[in-house]
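K.L.:
Sequence:
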Amino acid sequence: MALDGLVLHAIVHELQTCVGGRINKIHQPSENDVILQIRAQGQNLKLLLSANPTFPRVQLTEQTSLNPMDAPMFCMLLRKHCENGVIEAVEQIGMERVIRLQIRHRDELGDMSTKEILVEIMGRHSNIILLDPATDTILDGIHHVTPAISSYRVVMPGSKYVTPPVQDKQNPLNVDKPAFLDEMAQMSEEDSSSSDKPEHRLVAAFSGLSPLIAKEIVYRSRKGDESEQTVDPDALWQAFDRVMTAVRQHHYEPIITEQTSTGKLFFAMTPLTHIEGTSTTYPTPSACLEMFYGDKAERDTVKQRVADLLRFLQNESNKNVKKLEKLQETVEDSKDADKFRILGELLTASLHAVNKGDRELETINYYDEDQALIKIPLDPLLTPSENAQRYFKKYTKMKNSTAIVEEQIEQTHQEITYLNSLLQQLGVASLTDIEEIRDELMEQGYIRDRNKKQRKKKKKDKPALACYMSSEQIPIYVGKNNTQNEFLTNRLASSSDTWLHTKDIPGSHVVIRSDNYSEATLREAAQLAAYFSQAKHSSQVPVDYTAIKHVHKPNGSKPGFVIYVNQKTLFVTPDEQEIKQMKVTVK
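Read in order, the letters of the sequence shown are residues 1 to 587 in this note's numbering.
FYI, nobody ran anything at the bench for these hints, they're computed from the structure.
Treat each hint with caution, since some may be false.
As the list claims (entries may be wrong) - In the DSSO-like style, the derived pairs of lysine-lysine whose C-alpha atoms are separated by at most 30 Å in a straight line are:
(1) Lys462 x Lys558
(2) Lys25 x Lys80
(3) Lys580 x Lys264
Can you build the whole structure from these sequences, using the hints too?
P.N.:
If you want it as structure tokens, here you go:
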């Protein structure tokens, strides 16, 4: 669901802690997101501004993001005008979904100047705009809007800033009872078709109200009686006023409710009593948004970036499955090889009874217990001896091919396992992980490097690894792709460290960087191994663990493939909430 004006009102109130703070660093980890690192009130804060078309939002965040080696142009411009600047104000424009950050900054001439960052949260039209308020001129936007895209407003450097289209709605925080009842009555007369839908009238009349909150207000006005079709105007006002009074007084209850019937998640700044399900409250609006969105935005971006790789890997996997079926058919056919040897030997023993031109020979099968007669087909163009040799050659060819086919079957099994492991890795990959997987496929010859001439990026000797801290503060490293897995297992880990992997299931290599830990740390590491595997949504997942010194990579094997001995197995059920609560850094 989208953020409404009430949620943004709560966010803006929370962000007052940033006022007076200094912007130390600015990063743009993706094409839609900007992160401001702020030092305010004796603490370091990270403010996320997102113009993601699916998950736009503004919130304080604790998530770690990897930044591109070369900062985008918009990020460079923000650094020029806002880095080391002081945030003077964080405001919401009315109850609209627009947030304004006012920043005082010393320019390159040493003069003080003021700039504004506007975050417009409007679905696929969301944007982050850097504005010079003195002239209302746009310095740049994270997304450009040209005249060809919109005739109403242009978002390009140098153009005049035009506010988004204003809706003719009242501010719900400034409405008294007579005005509220009059508005409801007017809308009922204008549109009789929606007279039985008071939630529609609330959304149409007041800015900042989402259908979710409108339904909650109507539900409370009916005192939870869902069978009631009409609504008492006075009761509706009382329910409306209670919600708005809490907002005016900044009494928020950030909550996420999981609907029992559908499993769908909803969030709001007030309890959602009209949804039947399990609710969880959070200390701040940002903590609520952090939990609700989690890595959804990144997963959405990743999904778009890996569509071509997923399609390619699935096609390759399907090809190998079909190849395996044909190879197994060949093995089944080769089981009849002895039949041709017997026919050749019977024919050799009866050469005196065969003449060139005969089409078959009927003789006793000495290999049969009943000594039954058997008919041996012959080629009339060949001599009796040549016919016998023909059967012996068939036997030899089939016997020789069996060894080759079995070797091909083993290689095909390994290929399918490798492709499945890549598919699993794409399922948990971050934006940086994607490039490492793509590079690996190029090195292995699966795909061509179309940008070889333009590719000047230096190869990293050390990939970035996710490092989780166990409950007893022991580091647990997780490899998200084969590049990371190989570095972690073969280079970073010490011989006494403990290595974990799901048993016979594609997944991540996990290493406990210690030889002294408790059962709790082992369980947590096994949780990570199960969570970052193909069995993420399964229960009682088998996880093998052994010392690194017992893990070896065979010569010539595929990236990420290892063999291990002296392992023990434990069974765990991945718990996403537990894993999200673990402290994680990228090293």
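K.L.:
Next, verify each hint and record whether it holds.
P.N.:
Hints, one by one, checked against the model:
1. Lys462 x Lys558: Distance of about 19 Å is within 30 Å: holds.
2. Lys25 x Lys80: Distance of about 11 Å is within 30 Å: holds.
3. Lys580 x Lys264: Given pair Lys580, Lys264 holds - Cα atoms ~19 Å apart, limit 30 Å.
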